[in-house]
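Participant: Each chain is listed here by its residues.
There are 2 protein chains.
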Amino acid sequence: MKKHNFSAGPSILPQEVLQKASEAILNFNDENLSLIEISHRSPAFVAVMEKASNLVLELLNLENKGYSALFLQGGASLEFLMTPYNLMKEGGKAAYLDTGAWSSKAIKEAKLFGDVEIVASSKDKNYNYIPKGFEIPVDADYFHCTSNNTIYGTQMKSFPKSDSLLVCDMSSDIFSRSLDFSQFDLIYAGAQKNMGPAGATLVVVKDDVLGKTGRKIPSMLDYQIHISKDSMFNTPPVFAVYVSMLTLQWLKNLGGVAGIEKINNAKAALLYDEIDSNPLFKGVAEKEDRSNMNATFVLTDETLKDKFDALCKAAGLSGINGHRSVGGYRASMYNALPLESVQALVNVMKELNK
Amino acid sequence: MKKHNFSAGPSILPQEVLQKASEAILNFNDENLSLIEISHRSPAFVAVMEKASNLVLELLNLENKGYSALFLQGGASLEFLMTPYNLMKEGGKAAYLDTGAWSSKAIKEAKLFGDVEIVASSKDKNYNYIPKGFEIPVDADYFHCTSNNTIYGTQMKSFPKSDSLLVCDMSSDIFSRSLDFSQFDLIYAGAQKNMGPAGATLVVVKDDVLGKTGRKIPSMLDYQIHISKDSMFNTPPVFAVYVSMLTLQWLKNLGGVAGIEKINNAKAALLYDEIDSNPLFKGVAEKEDRSNMNATFVLTDETLKDKFDALCKAAGLSGINGHRSVGGYRASMYNALPLESVQALVNVMKELNK
Ligand SMILES: Cc1ncc(COP(=O)(O)O)c(C=O)c1O
Ligand SMILES: Cc1ncc(COP(=O)(O)O)c(C=O)c1O
Ligand SMILES: [Mg+2]
Ligand SMILES: [Mg+2]
Ligand SMILES: [Mg+2]
Ligand SMILES: [Mg+2]
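Residue numbers (the numbering used here), protein chains in the order written: chain A, 1 to 354; chain B, 1 to 354.
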């Protein structure tokens with residue numbers, strides 16, 4: 001029996017995507033060759049890359065708005081330094097919102113490049129909320145935030161307006177909800193939550209914000225070079241791009257971001273309602289900042305842990321342990337997780353309270 | 001019918017590896033989850049990474065000699081800049097041997113970091129030979145060379161001794177022949193020739209050469225950080241690492257590097273003998289520098305091109321067009337290419353000469 005996969009990332013992908021990916025490893029495109037043993041310059045793979053990039057812009061409603069979509073390597077972690085390399089002026093300054101471990105890592109890398117101002121932080125409460133009402137310094141080259149905090153289960157519901165460029169790490173909630181994506185100048189995300197397998201990094205960048213820092217940027221870290229080569233400056237992560245393309249196509253067929261948003265809202269409502277109504281459970285994040293992707297919760301009575309864990313295991317629930325820095329439980333409900341899996345978890349929670 | 005795959009990279013992988021990879025996409029390790037939807041911190045994947053790294057050191061005969069094997073992202077192209085970041089002292093100097101387009105790209109990135117001396121170049125003859133008799137300046141922090149020049153079909157048969165660190169881009173011939181790998185301080189290679197699919201980069205580095213430059217290195221570009229986290233500083237390219245592990249295991253079962261070297265020598269001898277003896281073909285690279293991985297050759301009579309191409313197609317030969325900067329033909333004979341495929345090509349060459 002296939003498990004209910006609540007893994008925080010790498011994480012669940014649509015079954016039809018896995019099926020197609022598995023087939024392509026043996027015979028891609030009916031060419032009698034494997035997807036992973038053909039040239040990335042072959043027409044068949046160039047078409048995959050093109051389709052993947054186009055789907056990204058289409059799903060984010062950013063077509064013909066001056067944006068490029070890139071598939072790179074290195075994970076979101078490499079973007080932590082590519083962001084300042086490409087956007088922080090020599091002797092410049094950047095503003096960061098600190099909403100957790102990932103923001104902090106982004107901040108650490110940016111500090112190697114220049115002045116970094118942390119406009120607000122929720123570290124005082126182990127990042128269980130999103131700071132509000134902060135100000136972005138007028139001389140900041142850009143403002144960086146993390147839309148969804150995978151570890152703590154918080155999610156930004158709105159984004160500040162300012163004169164700075166707006167940069168967002170959307171690793172764990174991209175393609176999960178409708179937003180005006182044109183408010184962002186740079187979006188990046190590791191593929192391994194809502195988009196595909198680990199090994200590809202999505203970058204969506206507004207072309208005209210680039211090339212203005214005065215820095216000499218190594219080729220592999222320069223967005224303009226990757227744009228000019230359609231993500232093929234060097235050998236791309238072929239398999240991860242292909243599976244991302246399949247997943248984006250699956251999402252489009254499902255009604256795109258607006259379509260999945262409804263399902264994601266239903267899943268989150270189902271689980272948070274149970275967390276709130278069941279006296280044995282308590283949510284970790286502040287209600288108004290709760291993430292629709294990662295729900296964090298704890299038992300109100302720790303002595304029930306073994307019993308709950310056993311029930312979860314018996315029900316085939318996988319990957320719901322909380323991150324070590326938070327404890328308790330974390331149910332990640334990415335796009336590909338069906339409502340039935342959330343229902344299975346809720347059933348176990350109800351069972352525990354019988 | 002499966003084709004004879006002479007692709008220069010990404011390139012042929014063993015059929016049994018493709019079979020296992022395809023299965024793991026649906027059900028990995030009999031865990032009823034896909035390889036690409038489980039946490040990279042799960043015991044099952046941690047074991048894969050460990051096994052892959054150990055196999056690398058074992059196959060290169062570098063166990064217990066102070067080396068670490070890393071699986072990173074970004075391709076060999078990212079190593080072009082990670083090399084100077086990690087090994088060139090602030091205000092330091094590096095020496096490079098220019099044997100082709102890949103060397104030149106490595107040189108370009110290194111120049112962003114300090115003084116680069118090109119000790120010799122074969123550009124004068126479109127890189128159809130390996131320069132010899134050059135001197136490495138005594139004050140160079142390291143000497144960088146490219147062991148196999150994928151585009152031109154040349155291969156270094158020996159490596160210079162000097163007081164500098166020895167760095168080698170082995171992207172297109174790693175694991176193909178016996179060498180004293182302990183003469184190198186840093187070896188790197190994109191996976192997509194002899195090791196696995198695109199999307200993983202192998203780095204083998206002598207631990208005690210690191211941490212001596214005085215540079216502040218961004219975390220993702222710092223070998224010491226990746227070593228301290230066993231290649232899991234961030235989410236690794238799970239699929240590419242897994243398939244690399246399978247391919248390395250396949251190689252070990254075949255007798256390791258010494259075992260495959262015999263087969264590679266036989267394949268190369270078969271093809272080069274035909275190139276030399278057949279009046280319709282001529283080799284591109286100087287004989288003494290010929291690559292056992294990529295054989296470059298041209299027709300002596302260009303009017304036969306259409307006929308030869310048609311024969312190749314009919315025989316199911318794929319990927320033998322030469323690189324645009326060289327022209328003619330290039331037959332890449334990586335580890336997984338069977339002798340029968342080379343025989344099929346040779347048969348077609350003989351057929352043309354009938
Ligand atoms: C919000 C966020 N940012 C960044 C990262 C780091 O991504 P990667 O491992 O791809 O570097 C993660 C990983 O989980 C994440 O959740
Ligand atoms: C010798 C050599 N070095 C470097 C590269 C670049 O590798 P990547 O595309 O993984 O960056 C290649 C690619 O073919 C190569 O053959
Ligand atoms: Mg703006
Ligand atoms: Mg409750
Ligand atoms: Mg030495
Ligand atoms: Mg001849």
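Keep in mind the hints are simulated off the structure, nothing from the lab.
Treat the hints with care, as some may be off.
Rough simulated footprint, nothing fancy, chain B against chain A, three-plus residues with beta-carbon under 8 angstroms [as the list claims (entries may be wrong)]:
{"hint": "1", "segment": "108-122"}
{"hint": "2", "segment": "155-161"}
{"hint": "3", "segment": "197-205"}
{"hint": "4", "segment": "218-224"}
Beta carbons are placed, not taken as given, at the ideal position from N, Cα and C, and that holds for glycine.
Participant: State for each hint whether it applies.
Facilitator: Do the hints match the structure? See the list:
1. 108-122: Answer holds; 3 residues pass the 8 angstroms Cβ test.
2. 155-161: That given contact is violated, which follows from only 0 residues of the segment 155-161 of chain A lying within Cβ reach (below 8 angstroms) of chain B.
3. 197-205: holds (count 4)
4. 218-224: With 4 residues closer than 8 angstroms to chain B, the segment 218-224 of chain A meets the three-residue bar; holds.
Checked against the numbered hints given earlier, the structure breaks only hint 2 and satisfies all the rest.
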